[in-house]
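Given the structure of chain H, go ahead and fit chain V onto it with the hints provided.
Those protein sequences? They're chains H and V, same order as listed.
Count along the first sequence from 1, add 586, and you get the number used in the numbering used here.
Count along the second sequence from 1, add 793, and you get the number used in the numbering used here.
Quick caveat, the hints were computed from the structure, so don't treat them as lab data.
For each residue, glycine too, the CB sits at the ideal point set by N, CA and C.
Be aware that a few hints might be false.
Pair ranges (Cβ atoms, derived) [said to hold, decoys possible]:
#, chain 1, residue 1, chain 2, residue 2, range
1, H, A619, V, G862, 50 to 56 Å
2, H, G731, V, D795, 43 to 49 Å
3, V, L1049, H, E729, 46 to 52 Å
4, V, L1183, H, S654, 54 to 60 Å
5, V, G1101, H, L778, 40 to 46 Å
6, H, A841, V, R988, 35 to 41 Å
7, H, A613, V, G1097, 50 to 56 Å
8, V, V1068, H, A692, 47 to 53 Å
9, H, F849, V, Q1164, 22 to 28 Å
10, H, E889, V, P1172, 50 to 56 Å
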Amino acid sequence: VNFAWSEEQEEFRASVRRFVAERWPIAEVRRLAASERGYEPAVWKQLAGELGLTGLAVPETHGGQGFSWLELSIALDELGRELAGGPFFATACLSVRALQQVATVAEQAAHLPALASGETIATLAVLDAPGPAQPDAIRCRAERGRLFGEKRFVIDAQNASLLLVAAREPGSGGADGVALFAVDGGASGLRLEPAPGLDLTRRLAHVHLDGAPARRLGAPGSAWPALARTLAEGAIGLASEQVGAAARCLELAVAHARERHQFGRPIGSFQAVKHRAVDALTLLELARSAAWWGAWVASRGSEQLDEAAAVAHSIASEAFEKAAYECIHLHGGMGFTWEHDAHLYYRRARADRVLLGDPGAHRAELARSLGLLAPL
Amino acid sequence: LDFDDSPDEAAFRAEMRAFLAPHAPRQALRYRGGHDLAATLAGQRAWQRTLFDAGWAVPAWPREYGGRGLTAGQRQIWSEELRRIGRADSMLGGGLHMLGPTLIQHGSEAQKTRFLGPTARGDIVWCQLFSEPGAGSDLASLATHAVRDGDDWVVTGQKVWSSFANHADMGFLLARTDPSLPKHAGIGFFLVDMRAPGVEVRPLIEMTGGNHFNEVFLSGVRVPGENLVGGPGAGWALARTTLMHERLSIGSFSALEPFARVADAVRDRGGADPVTADELAQLYVRARALDLLSARVRTQLARGRDAGPAALVLKNAMGDLWLAAADLGMRTLGADALAASSAFEHDFLFAPSMHIGGGTEEVVKGVAAEQGLGLPREPDASKGVPFEKLPRSGGAR
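Chain V with its partners taken away, still in its complex shape:
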């Protein structure tokens, strides 16, 4: 247990800072509502390329795909330093934090060679094609189907809540390859060209007024056989890897940063009353503990160990923190919160999504209870029943 840099680590940090100081982007790349998404993406891509060319893009990946073979401590320093300069890669997250780790674990050599490098460089922007109108928390009940036709698969169905699909080059998609099998067994994991014929993307406007989400309609989309990852029935196991990484990625947001924004606003207004000050201090305590928890989990993972229950509670803890920070931020503004584009309007409107995206609060708690605490699974009426025999609601609207 050591929170200080060793001499080697201090040298590593200095090296990173020496690189970042002249290269870091001038303006924040973070999406905070109201921005032009295309411009945000261009900025994030350019910065990712700069990182990649210097070898700093994906240091945790294997060396042959652009990684650096860092120690657990060095990885921690790397993420701290990128945070310090306000790193943002939200629009590249699908590739960097979800698909990349999934391919590293489950992809064929050919798939890794073809996709990982360009993904690390920000050349391929990825979107997730998992959820469907009839398959949300019960993701494995998805109905989009893939039918084999010669060497290809032909995919038809509808996906929803696909972040940045309207800016993506490729999508990673779950589709049913065999409806005669129980729902978890007959799912494949495909890599789909978003510009292929039959792919139609319709943007959705969220309650913030912004657009992350999209509906994606797939009508007889041809996917080459080489773009199936794992076997035709391996999709669910891969999806679990992807979802775990998605939750870790959300859980690795900085917790002290939302606190700091609230604290700045409070100080600008000359401080808070004792009752509110205690709530702010509680928020600080939570944020500090959460950043520590997140660092602890990342240390375990970087050492190739199972991070245990700690990893499974991160995402919900981050959601709780964002909601509390947004609430305190809005209260700090007083009547100024009524104005358009107030300092905490976006945080306030965005916060509810934290307990929905990447698995709802309830689903994530279920996973933590079953995998982390060893509590028994909920009886599932669809267990062992062929998918085609299941009663369904609303899937084919």
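Only chain H is shown next, with the shape it has when bound in the complex:
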């Protein structure tokens, strides 16, 4: 039993923080928001190559660093602070874990090294649209090696040269008949419709599949349990990002409250201001504890995974939304301007809530598993 990071892990955290502060701070994220890709290839190369972040959780046999989910969660937390990383979450978290849990060893050997090196940017589309993790939410069909259907709001699909797409055998229902397919970024029959919107700092696209050629990964028709695990892990990864971002929002708000003077004193000396900041701090510390535990559960592949995802994502969503709101509010009128970064966090916080299934859906599942829901 040890609820603390090792010295090596703390050093790793510090090195990622330095890198993000120097090479991918929020000012850069803001500049890149207006660009086509949303990331700078040279910086991506450094993040993947020099720091080895994209291969953190990839085994050494497949060209990765061979670390666990714990180190991955540290990277997500640190990138989250500046809303940085671009396609990191989709590639190093979602796609790597989907391949590891669904694909055969030979298929992993074919794909993982390029993901680990950062050469391939990949993404994962399990459900037809973000929502509760139910297999019936997969209606895309796979027929004779071609995919048909639509996946909405796929993370970084426009940047991906490899799309991992869940589809089902025609006529199948429920968890049966679901498999994962690899689709090349430039495939015929694949149309990407960029979906810019609420969150300016994460690239989303709708993926239209009209007979795109696809290679099945793993065994036919039985990928759902592994994909459900990947989605739960994704929620835990998202919680790490949310905790980093929430911590940064609170730091910005507190720094302002210490500097800004009104009525002849720093506004942070007023109780009403302090108490708002501490409400955000309380949620943040709860969320941080839950996210660390979630990362550990994910690193163990434990049977508590669903519970950990529900707990971590639910409290981290609340913490990030609260901190992002307080960051605007405590900055006053300045916090409401386009120029200030607060709205970038506020937008991201709301988007993170629904990106991989709403916490409410997680909690409904939790209530059911705890025997708290009356039969209808």
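Just chain V, lined up with the frame of chain H:
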């Protein structure tokens, strides 16, 4: 980061369980209203003695005072296992969780040797003598005074909200030793015999109908000089240590336990509607996260590190959780909540005290903001002003 037991830790847990299985008290020692406090105390004392004799009473204390030199992980296991059997030491908490840690940090060798062992064994029951009618959230404005007389100090004043003072053997008391100094500077920390002449205890009945609290009147009470802890002006620094430990102790209550009581009631009634079920799940999420936060803080402290802002938000988070659990519990009962002694009546009536005792919600938030976030202190009109020159309200009623 590892939430599993290492092989050594598994062996430690097994050893503890082997001890607890035959020795654990049959009935709950926890105070849940309506009990005979004297009987509760007798039960808690007997159990504490059993723990002490086996070396399990205060394993986090230094070895020479009954401690065990446990690792951070072992301490975590120790508290988990005691929780599992429904440990309760509420009436001994003043000594075990407040005075003990304060003495370990600030006491003289003689004071440690004399008091720590008997405190760990449950032989000395302690009460806190801090708050006064005129000094609540502004504790440092306290007016009870201690005047030196030869080797002794003579204490006069009134204390209030002293839990279990009517059952205590000793009290740890803050009194003003020099009113010509600013309020924080002229305070001493004394150890007072509750049976000394001049000590009068009057029980107060709380809104639950029970009696934790007391008023304590001190009229020319003689306290030997050797019972002053630290210097005559060191009291405020010591009080801060005591209060920090009090808040940690409240923050270390089990959060999942109040949830579990509500969940049991919900399941007994065949489950909840989807809206209420979501509230219950939210309560579970909070409780889980809070137990994790509390474990994280205790790990840091056991390693001798500053637990940072996390330690400062625990107490209020626990208060929020208890209030939410009591609310959901009462709602679960429906019209049965109208009855006397319903399953959640005590929780419901007790809950408001969580945000008052041990520092109000507002005071604790102020501490978290200033010490945890580095926000500037509120300007204090009494700063630097000698205590005797301060305008005061209601202190000497």
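Now the hints, each set against the structure:
no.: 1; hint: A619(H) with G862(V): 50 to 56 Å; verdict: holds (55 Å)
no.: 2; hint: G731(H) with D795(V): 43 to 49 Å; verdict: holds (45 Å)
no.: 3; hint: L1049(V) with E729(H): 46 to 52 Å; verdict: holds (49 Å)
no.: 4; hint: L1183(V) with S654(H): 54 to 60 Å; verdict: holds (58 Å)
no.: 5; hint: G1101(V) with L778(H): 40 to 46 Å; verdict: holds (45 Å)
no.: 6; hint: A841(H) with R988(V): 35 to 41 Å; verdict: violated (54 Å)
no.: 7; hint: A613(H) with G1097(V): 50 to 56 Å; verdict: violated (39 Å)
no.: 8; hint: V1068(V) with A692(H): 47 to 53 Å; verdict: holds (49 Å)
no.: 9; hint: F849(H) with Q1164(V): 22 to 28 Å; verdict: holds (23 Å)
no.: 10; hint: E889(H) with P1172(V): 50 to 56 Å; verdict: holds (55 Å)
Comparing the model with each earlier hint shows violations of hints 6 and 7; every other hint is respected.
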